[in-house]
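These protein sequence lines are chains Z and E, in that order. Residue numbering for the first sequence follows the working numbering, beginning at 27 and increasing consecutively. Residue numbering for the second sequence follows the working numbering, beginning at 154 and increasing consecutively.
By construction, these hints were calculated from the structure, which means they are not laboratory data. Glycine included, each C-beta is placed from N, C-alpha and C at the ideal position. One or more hints might be untrue.
Here are some, though not all, of the chain E residues that point toward chain Z, as calculated from beta-carbon distances under 10 Å [to be verified]:
no., residue
1, His171
2, Arg190
3, Arg200
4, Arg218
What follows is a set of in silico ranges between Cβ atoms, one per label pair, in the way DEER data are often shown [said to hold, decoys possible]:
no., chain 1, residue 1, chain 2, residue 2, range
5, Z, Ile70, E, Arg218, 18 to 26 Å
6, Z, Ile217, E, Ala237, 49 to 57 Å
7, Z, Ala262, E, Ala237, 54 to 62 Å
8, E, Met182, Z, Leu333, 49 to 57 Å
9, E, Glu212, Z, Leu78, 20 to 28 Å
10, Z, Gly212, E, Arg218, 55 to 63 Å
11, Z, Cys150, E, Gln245, 38 to 46 Å
12, Z, Ala61, E, Leu251, 40 to 48 Å
13, Z, Thr169, E, Ala237, 35 to 43 Å
Here are the chains, one letter per residue:
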Amino acid sequence: MTEFEHRYRRLLRLYPMEHREAHEDEMLGVLLASARPGQQGPTIREALDLILGAFAIHLRRILRTIRRDWADAFAIASLLLSLLVAMAFGMLAGRFLLLNIIEHGAQWNSAYLLLASIGAAWPCVIILAITGRRRASVVVAWTTALALGVPLAIQGAMVDFAALGVLAAFFATGSRRSARGFTLIGGSRAISFVAGVVGLALAYGYREAGDAGLRPAWAGPRLALIPLLIGIILIARAAFRFGGSADRRASVLLALPVTAILVGAAQTMPLIPESINETTIGTHSLGYWIELGLRVVLPLVAFVLVLLRVRRARRQSGHASR
Amino acid sequence: MQQPTFLILTALADRPQHGYGIMTDVERMSDGSVRLRAGTLYAALDRLREEGFIQIDHEEIVDARLRRYYSLTDDGATRLAAEADRLRRHAQTASRRLRASRITNAAARGVS
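Work the whole structure out from these sequences, hints included.
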């Protein structure tokens with residue numbers, strides 16, 4: 027091999043192995059044939075062109091793998107997150123509208139228009155997805171997440187769920203057939219997930235009723251832990267499955283966002299005694315720092331646990347197939 | 154469809170060609186305005202093969218080097234024909250409007 031040829035081969039090493047095996051000699055032939063007389067090696071333009079070409083081919087391979095292997099996982103994750111976001115915004119919009127009617131009669135308050143629009147749009151995303159209108163579902167999801175959810179988050183309301191909406195829209199974009207999400211999940215798992223979200227809402231509503239003095243004296247605040255725990259268990263069982271490869275990948279996609287929401291829901295409950303707030307560290311109370319720590323640490327712990335569980339499940343399925 | 158893709162498909166429209174043949178043919182067809190380099194060409198060939206517009210036709214060894222010939226598939230020919238038709242319609246519209254425009258008529262009178 028000449029030094030000239032060696033310099034070109036060094037650049038061709040940037041290409042994916044499979045592409046090199048099929049095309050390296052052929053590309054080298056083209057590069058040598060198109061070289062000018064007296065040329066000592068690749069010109070800067072040629073080198074740049076080969077680097078960009080290698081990058082384009084790598085990128086296409088990665089996107090193809092994502093489309094082929096992760097499409098089902100994206101379909102599952104987008105459907106479950108859309109359900110969560112739809113129910114959260116729907117219930118919040120319902121609560122605000124109800125309070126508005128109680129306080130101001132049947133008068134329409136335009137301040138809730140944004141919330142009511144989001145409350146109505148997410149169910150549309152789900153209906154479009156499960157009826158196979160994927161493109162329309164993705165367009166409505168992105169429009170709702172960016173045009174409605176982000177302005178609400180900027181105002182400081184429902185930041186978690188606005189971020190979750192963007193994630194749901196992103197996952198919907200990656201799923202090739204959105205209707206497949208419902209087929210893969212199945213009716214009973216979807217119902218279990220929805221029941222879990224209702225459980226969290228009941229716990230939250232129970233606590234709010236207590237704050238508003240609407241709860242009877244015998245009903246203590248800790249009773250809210252029952253629907254909360256049932257909700258967390260139902261949501262976790264529906265979201266994290268390890269039987270099939272699509273379920274395992276969906277569990278990885280959902281680990282951080284779902285755990286973050288569950289931790290956030292648990293933190294609205296009186297789990298930490300108020301006395302802890304008598305100690306302050308810096309500008310905030312000890313309770314604040316503990317809550318912040320749990321909010322960051324627990325989703326990360328859950329993510330690592332899901333990864334370990336996925337690894338074990340893959341090994342088991344590998345042994346089973348031998 | 155981008156111009157280099159259109160020219161690569163056109164280069165394969167009447168006969169199978171190898172990589173270097175496509176490069177020189179594209180340069181000739183575009184009067185030197187489009188000069189494909191190897192990186193761009195093989196990224197395009199990889200994409201066009203994945204999309205099913207071209208296929209490997211045959212291989213031969215020349216001077217101890219592999220030459221792989223590519224040809225258009227039926228889908229590729231249909232896609233190229235549709236693109237050529239679209240470009241023709243746009244060119245016809247542009248020519249018709251230029252003929253009808255006062256600027257061109259004035260320019261034509263000036264020339265005569």
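Original post:
Of the hints given before, which are not true for this structure?
Top reply: none
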